[in-house]
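Asker: With the hints as constraints, model all of the structure from the sequences given.
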Amino acid sequence: MKKIIPLLLLILTFTSPLYAQKVKEISELSKIKGVTVVQINKQLLNLIPKIDQVNGIDTNQLSGKLESILILNGEDKAATQLGKEMQLILKSLKVEPLLYASDEGEETTMYYVEGSKKENQFILFSQEPDEVSIIVLKGSFTPQDISTLVNK
Amino acid sequence: MDQKKLDHLLTRFYQGESSLEEEALLESYFSGDVPKAYQKDKQLFLALSSTYPEELDERLERFMKKEVAKQRNKKTFFLKSLIPYAAAVIIMAFGIHFYREQTKAPQQELTVEEAYNHTYQALQTISCKLNKGNKEIALAMNKQTDAVQRVLNKVNLKK
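From first to last, the protein sequence lines are chains Z and B. Each residue of the first sequence is one higher than the last, beginning at 1 in the numbering used here. Each residue of the second sequence is one higher than the last, beginning at 1001 in the numbering used here.
Keep in mind that the hints were calculated from the coordinates and are not lab data. From a predicted model like this one, the values you see are computed outputs, not experimental measurements. Beta carbons are placed, not taken as given, at the ideal position from N, Cα and C, and that holds for glycine.
Using C-beta positions, here's what the derived DEER-type ranges look like: (1) Z:Ser147 <-> B:Phe1094: 49 to 57 Å; (2) B:Ala1087 <-> Z:Glu119: 39 to 47 Å; (3) B:Ile1091 <-> Z:Glu107: 39 to 47 Å; (4) B:Leu1157 <-> Z:Asp52: 51 to 59 Å; (5) B:Asp1146 <-> Z:Gln43: 48 to 56 Å.
Answerer: Listed below in C-alpha cells is the structure:
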C-alpha cells in the first residue's frame, strides 16, 4: 500500500494534464478519425490565381484579405463527433450567429469572430443528419467584405 | 566574600556579563560551604565545574557522524525507490504521445490547382448559403408584412 499510493500520485500528477477537458482550436478537429481536412495557408493562397468572381459575384474584396482557409468534413460517426466538438468550441467563443438557416434537415449557421489584426474569422457550420461541414476563413476581412458575397 | 559582593557577582553571571575572573571567583566560593539561600547556586556551579569523560567528545562525534549517514541513506533510498515509478510515468507519457501522433489525420500536400479549386468551392459555398439565407429572410419578412397588412385591413373594415 505504501508503494501504491506514491505511484498513483505520480501517475495522476504527470498524466492529468493530458486528460484535462480543455477547449480545442477548430484546427484540432482535424484529428477526429474519419474527418477530411483541407488546410490552405497564406503561402499557398499567394500562389493561386486571384479569384475575382464566383458565380458572377465579385469576390475580389474578400479573397485579397484571406490569410488561411480550413475546410473540415465528416460523415456518419465522424459527423456526430465533429458536430459535438464544434458546438463546444462555438460555445467557448461566445459568439452570436450572423445567420441561421434550416432547409430540408440541413442547418447552416454562420459566425463572425473578431480577433486581433488579420485574425478575424468567418465560420460556416453546416449540419445534416449524417454529414457535417465546417469552413473557416481567416484574415483581415470585415463583415462588410463578407456581405459582398451576397447577390445584390 | 560578603553577601553584597556575592549577589552582585551572581547577578552579573546570570545576565551573562561576568568576566572569566569573576566566574573563577564564584566557582572557588561555591566549592566550599555556603549559606542555605545559595544552595541552588552551589549545585549549578558544581555541575558546571565537574569534568566530563575524556572520550565524550569522540563519542559525540561518532554519534553525529552516524546520524548524518543515516539521514543521507534515507534520502538516497527514497530517491532510488522513485526511479521505477518515474520510469513508468515516462513510458506512459511516451505511449500516450505516440498514440496521439498515430491517430492524427494524415495530411496531404495540396497542389496549387487543388488549392485554387478548394478556395473557389469554399467561397462558392459561403456565397450560396448566404444568398439562400438572405432569400429566406426576405421571404419571411414578406410573409410577416402580408400578415400585418391583412390584420390592418380587417381592423379598417370593422371601423
